[in-house]
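J.: Note that the protein sequences, when read in sequence, are chains A and B. Numbering-wise, my numbering puts 44 at position 44 of the first sequence, and it's gapless, one number per residue. Numbering-wise, my numbering puts 318 at position 318 of the second sequence, and it's gapless, one number per residue.
Quick caveat, the hints were computed from the structure, so don't treat them as lab data. Only true hints are included.
Ranges between beta-carbon positions, derived for each pair:
hint: 1; chain 1: A; residue 1: 317; chain 2: B; residue 2: 179; range: 38 to 46 angstroms
hint: 2; chain 1: A; residue 1: 180; chain 2: B; residue 2: 147; range: 40 to 48 angstroms
hint: 3; chain 1: B; residue 1: 179; chain 2: A; residue 2: 235; range: 42 to 50 angstroms
hint: 4; chain 1: B; residue 1: 288; chain 2: A; residue 2: 48; range: 29 to 37 angstroms
hint: 5; chain 1: B; residue 1: 20; chain 2: A; residue 2: 57; range: 21 to 29 angstroms
Per the computed footprint, the stretches of chain A lying under chain B, defined by three or more beta-carbons under 8 angstroms from a beta-carbon of chain B, are:
hint: 6; region: 30–37
hint: 7; region: 113–119
In this text, all values refer to a predicted model and were calculated from it rather than measured experimentally. Ideal Cβ placement from N, Cα and C applies to all residues, glycine included.
Next come the chains, spelled out residue by residue.
Number of protein chains: 2
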Amino acid sequence: MEYEEPKFFHVMKYAEAADGDVVDMVSGNPDWEPPAALREALSEYATLPSTEFQYPPSEGLRELRESIAARRNVDVDRVVVTNGTGEANYLAMARAFERDAGSEALLMDPVYPYYPGKTELLGGEPTLVSTERDGSLDVDAVREAASEETALIVLNTPNNPTGAVYDIGSVREVVEVAEAVDALVVVDEVYDHFDFTGTFESALTLDSDRVIVTSGFSKSMAITGFRVGYAVLPNAHAFPAKARHMLVNVAGSRPAQYAVADALDATDADYYAEAREQLAERIDAFTAGLDEAGAAYTRPDGAFYVLARFDGFPGTMANVKRLIDEVGVAAMPGETFGTAREEWIRFALVTPRAVEAAERLAEYFE
Amino acid sequence: MEYEEPKFFHVMKYAEAADGDVVDMVSGNPDWEPPAALREALSEYATLPSTEFQYPPSEGLRELRESIAARRNVDVDRVVVTNGTGEANYLAMARAFERDAGSEALLMDPVYPYYPGKTELLGGEPTLVSTERDGSLDVDAVREAASEETALIVLNTPNNPTGAVYDIGSVREVVEVAEAVDALVVVDEVYDHFDFTGTFESALTLDSDRVIVTSGFSKSMAITGFRVGYAVLPNAHAFPAKARHMLVNVAGSRPAQYAVADALDATDADYYAEAREQLAERIDAFTAGLDEAGAAYTRPDGAFYVLARFDGFPGTMANVKRLIDEVGVAAMPGETFGTAREEWIRFALVTPRAVEAAERLAEYFE
Chain A
1 MEYEEPKFFH VMKYAEAADG DVVDMVSGNP DWEPPAALRE ALSEYATLPS TEFQYPPSEG
61 LRELRESIAA RRNVDVDRVV VTNGTGEANY LAMARAFERD AGSEALLMDP VYPYYPGKTE
121 LLGGEPTLVS TERDGSLDVD AVREAASEET ALIVLNTPNN PTGAVYDIGS VREVVEVAEA
181 VDALVVVDEV YDHFDFTGTF ESALTLDSDR VIVTSGFSKS MAITGFRVGY AVLPNAHAFP
241 AKARHMLVNV AGSRPAQYAV ADALDATDAD YYAEAREQLA ERIDAFTAGL DEAGAAYTRP
301 DGAFYVLARF DGFPGTMANV KRLIDEVGVA AMPGETFGTA REEWIRFALV TPRAVEAAER
361 LAEYFE
Chain B
1 MEYEEPKFFH VMKYAEAADG DVVDMVSGNP DWEPPAALRE ALSEYATLPS TEFQYPPSEG
61 LRELRESIAA RRNVDVDRVV VTNGTGEANY LAMARAFERD AGSEALLMDP VYPYYPGKTE
121 LLGGEPTLVS TERDGSLDVD AVREAASEET ALIVLNTPNN PTGAVYDIGS VREVVEVAEA
181 VDALVVVDEV YDHFDFTGTF ESALTLDSDR VIVTSGFSKS MAITGFRVGY AVLPNAHAFP
241 AKARHMLVNV AGSRPAQYAV ADALDATDAD YYAEAREQLA ERIDAFTAGL DEAGAAYTRP
301 DGAFYVLARF DGFPGTMANV KRLIDEVGVA AMPGETFGTA REEWIRFALV TPRAVEAAER
361 LAEYFE
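Chain A with its partners taken away, still in its complex shape:
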């Protein structure tokens, strides 16, 4: 396979090297506080006997797996704790390909760039499938694209970059398509705590032996650097996924798992609600600025991002660099996310300076 530098690194480096002040709206790093219990648990861990510093179970600390299983209402044997949602997606996608049931992955367009990257790493072939204008699933397009060659369908809801929250009925229909062509469906729900509509339902509620759900605590606990994620697999796929996890990583990092396990039990719903409300307020303020700038956009139903289109200013890398240099706002070019939003630019709202960025954009474009 070919390797290239991910485009978000390219943008981040360019923004860092810029002369002027730049508002960073590139990456999806939460800018709010992790749960207080997480800091406390990590401090406590540092004082534990050194036996607690040795290998955790490969599949993850038991108490963490049990908390996840209870919250997800699944049997604990189906849960493997991973090095972030990234590894969970890698393990889940690998399961789809190693069944000798085809080598094609159907990925929704616009697409989170890691999905085609992982597909190619695993020897599969990505096919992009259009979504609706508002980012919602186009089940007919999925059905039309699916064939005997299809091993895998990847969904991400709430969605990066569109902000769409998929209707569970549509997800069910995609799972039915997968059954018809002997494919697995990986549903990445890492933004599940950031649903502004109150309508999000996990694909686990479908109770399908075709569905692997992945998620993690990077976004919900504002700890992208801790690398604690998980996959919930159907029974038939759990053991081989755990075996691959062991062969690749042996286990995940124990201090991080320990802190997350404690924080998961000790943190109440208010913590998550506050982060969500803060994001919703930023979206209001930022999209008000986009209105002033005369930009087109879809108000996100979930996740951290707003896709915007400025007339005569397509979402190319060159234009993103112009925004950095001339406006002082760093964002991601739409052309990074497949083919469906090449005219668009993605802004991550994980900065308190979102309003300032919107004002700069309004001034530049109006």
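The hints should help you fit chain B onto chain A, whose structure is shown.
T.: Frame of chain A; chain B shown alone:
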């Protein structure tokens, strides 16, 4: 590929379920204290601003990579920090296979079971190559086994399970064989701080563009659960290995990397020397017990393990279970480590109860 439960889990579970008191000599978890600076750094990390809880650079924290590069006397661009030495080996072995230069891996017999497991995961075919009776490299056997099909040769020095420390001249000859058949050599040096002979030399001193060296802090800092390792790759292989690392894991866990980076700078040679001396004393005491038991063994030059052979008591899983039940000592069956030591049993000396175990064995076998 086929998956099966690793045999060491099977032994550990059996030992845990045993009625009587059992000395655990199964796994390679150090039983001594990590560096004091490591605990301090982890406590400090827990109080840092939440920006420090977000994604580290995918290739690892800069200060950690620089410390590793300085100690290893290599350019920092060649270093990727991984989720333990396990991931470093996975990345290094993957590089060998993805060059379209054959699919065979030559693995030294006795073999650490993860190497054939990773080989098969990566679509390669493991071939076991005999080592000498004392565990040292049989370069002629490597030369004879090597062919155009050979993509990879894996060495581990100081060696698990034999305790051999490879002569650097022999390693150089293996690298020459690799050059002749267009193979890469992965040298796993995770036990580099546990050389009792003072003769160990890193394969990095060969300065070869065929050699990838892997290592980590699991053993040297007594933190197998933190998962901080690294690979040092030739320039041509560093970028693609980092790309795979990113696609599989995104990054390693930041609290663990932070603590290791601090401890690496703050910990002096005495810490490592004390752990080594304690192990050497245990080896003396344990092998004295083996002498009493009339067992054959090779005194290890490095690492944590002693291989012993008891007359009429081959290293089968059944016999290991008898030792657990009848002697109260849990160890690993030699048949787990390839074909060369099926008569032998591996004892890990990372317990203060090694002497007690030796007494029990002496009483049982004498």
